[in-house]
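My request is simple: use the sequences and hints to build the entire structure.
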Amino acid sequence: MSWFNKKTEMNEEELNEEKIKVNDKRRFDENGERINIEVEEEPEVKTKSPEVSRLESELEAAQSRYQVAEAKLVDVQKRFDEAKSNLERETAEMRTRLTRTLEQRARQGQFDFLATLLPVLDNLNLAIEHAQTDSSLENLLAGVKGTARSFEQALMSVGVQPVPAVGTKFDPEKHEAVDMVEVDPELDEVVSAEYSRGYTFGEQLLRPARVQVGRAASQKAGN
10 MSWFNKKTEM NEEELNEEKI KVNDKRRFDE NGERINIEVE EEPEVKTKSP EVSRLESELE
70 AAQSRYQVAE AKLVDVQKRF DEAKSNLERE TAEMRTRLTR TLEQRARQGQ FDFLATLLPV
130 LDNLNLAIEH AQTDSSLENL LAGVKGTARS FEQALMSVGV QPVPAVGTKF DPEKHEAVDM
190 VEVDPELDEV VSAEYSRGYT FGEQLLRPAR VQVGRAASQK AGN
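Here the sequence shown stands for residues 10 to 232, numbered as in the working numbering.
Since the hints were derived computationally from the structure, they do not count as laboratory data.
Some clues are possibly wrong.
[Stated by the list, open to error] Taking lysine to any residue and the SDA-like style, the derived pairs with C-alpha atoms no more than 20 Å apart in a straight line are:
no.: 1; residue 1: Lys183; residue 2: Val172
no.: 2; residue 1: Lys178; residue 2: Gly207
no.: 3; residue 1: Lys178; residue 2: Pro194
no.: 4; residue 1: Lys178; residue 2: Ala202
no.: 5; residue 1: Lys183; residue 2: Gly168
no.: 6; residue 1: Lys81; residue 2: Ala70
no.: 7; residue 1: Lys81; residue 2: Glu65
no.: 8; residue 1: Lys183; residue 2: Val169
no.: 9; residue 1: Lys154; residue 2: Leu133
no.: 10; residue 1: Lys154; residue 2: Lys178
no.: 11; residue 1: Lys154; residue 2: Ala140
no.: 12; residue 1: Lys183; residue 2: Gly207
no.: 13; residue 1: Lys154; residue 2: Pro171
no.: 14; residue 1: Lys154; residue 2: Thr142
no.: 15; residue 1: Lys183; residue 2: Thr142
Structure (structure tokens):
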């Protein structure tokens with residue numbers, strides 16, 4: 010063996026001895042007695058149990074579902090607000106159209122009624138003109154009657170109807186008894202005369218008819 014090889018082998022032995030010394034954890038005092046040194050243990054790595062892992066997974070899944078549900082709720086609320094706003098706008102527009110339609114109908118009704126009154130005015134002017142040229146009572150009466158008929162026709166054209174009176178049973182809902190007259194028993198509580206005509210408009214009473222009512226002699230004596 011050459012000198013170089015011996016030298017190399019010696020160096021390797023020295024290195025090995027040095028490693029042994031470094032790895033040797035033993036300690037000795039000055040008398041050569043061994044000193045016990047507590048070796049620090051490496052911290053124990055805690056591992057999760059399957060139950061904890063399962064619960065954590067379920068928690069993550071629940072949080073994910075909650076986020077999805079919250080997003081859906083926000084979207085539903087947004088669409089609800091939009092639908093409500095559209096409905097309110099449509100309702101306002103419908104109310105405006107309905108009001109405009111009712112106003113137009115009211116104006117048209119007024120127009121039609123005024124148009125029916127024009128012939129009444131014509132007949133009245135005609136009666137006055139005839140009275141100026143012919144002062145006879147017959148002509149004046151005929152003109153007044155014609156005017157009254159045309160005015161009644163105008164009222165009837167818009168739904169006004171006269172209340173039946175003479176010859177009908179007294180109805181306190183439609184008749185106003187002004188006075189009474191003694192009559193035969195079969196004519197008891199029958200309207201015998203009309204002082205002013207009553208009128209209805211549809212189902213509403215514009216005014217009652219002012220009438221005279223028959224009262225049987227026996228009924229009158231009983232009171």
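Enumerate the violated hints, using their earlier numbering and listing them in ascending order. 7, 10 and 15
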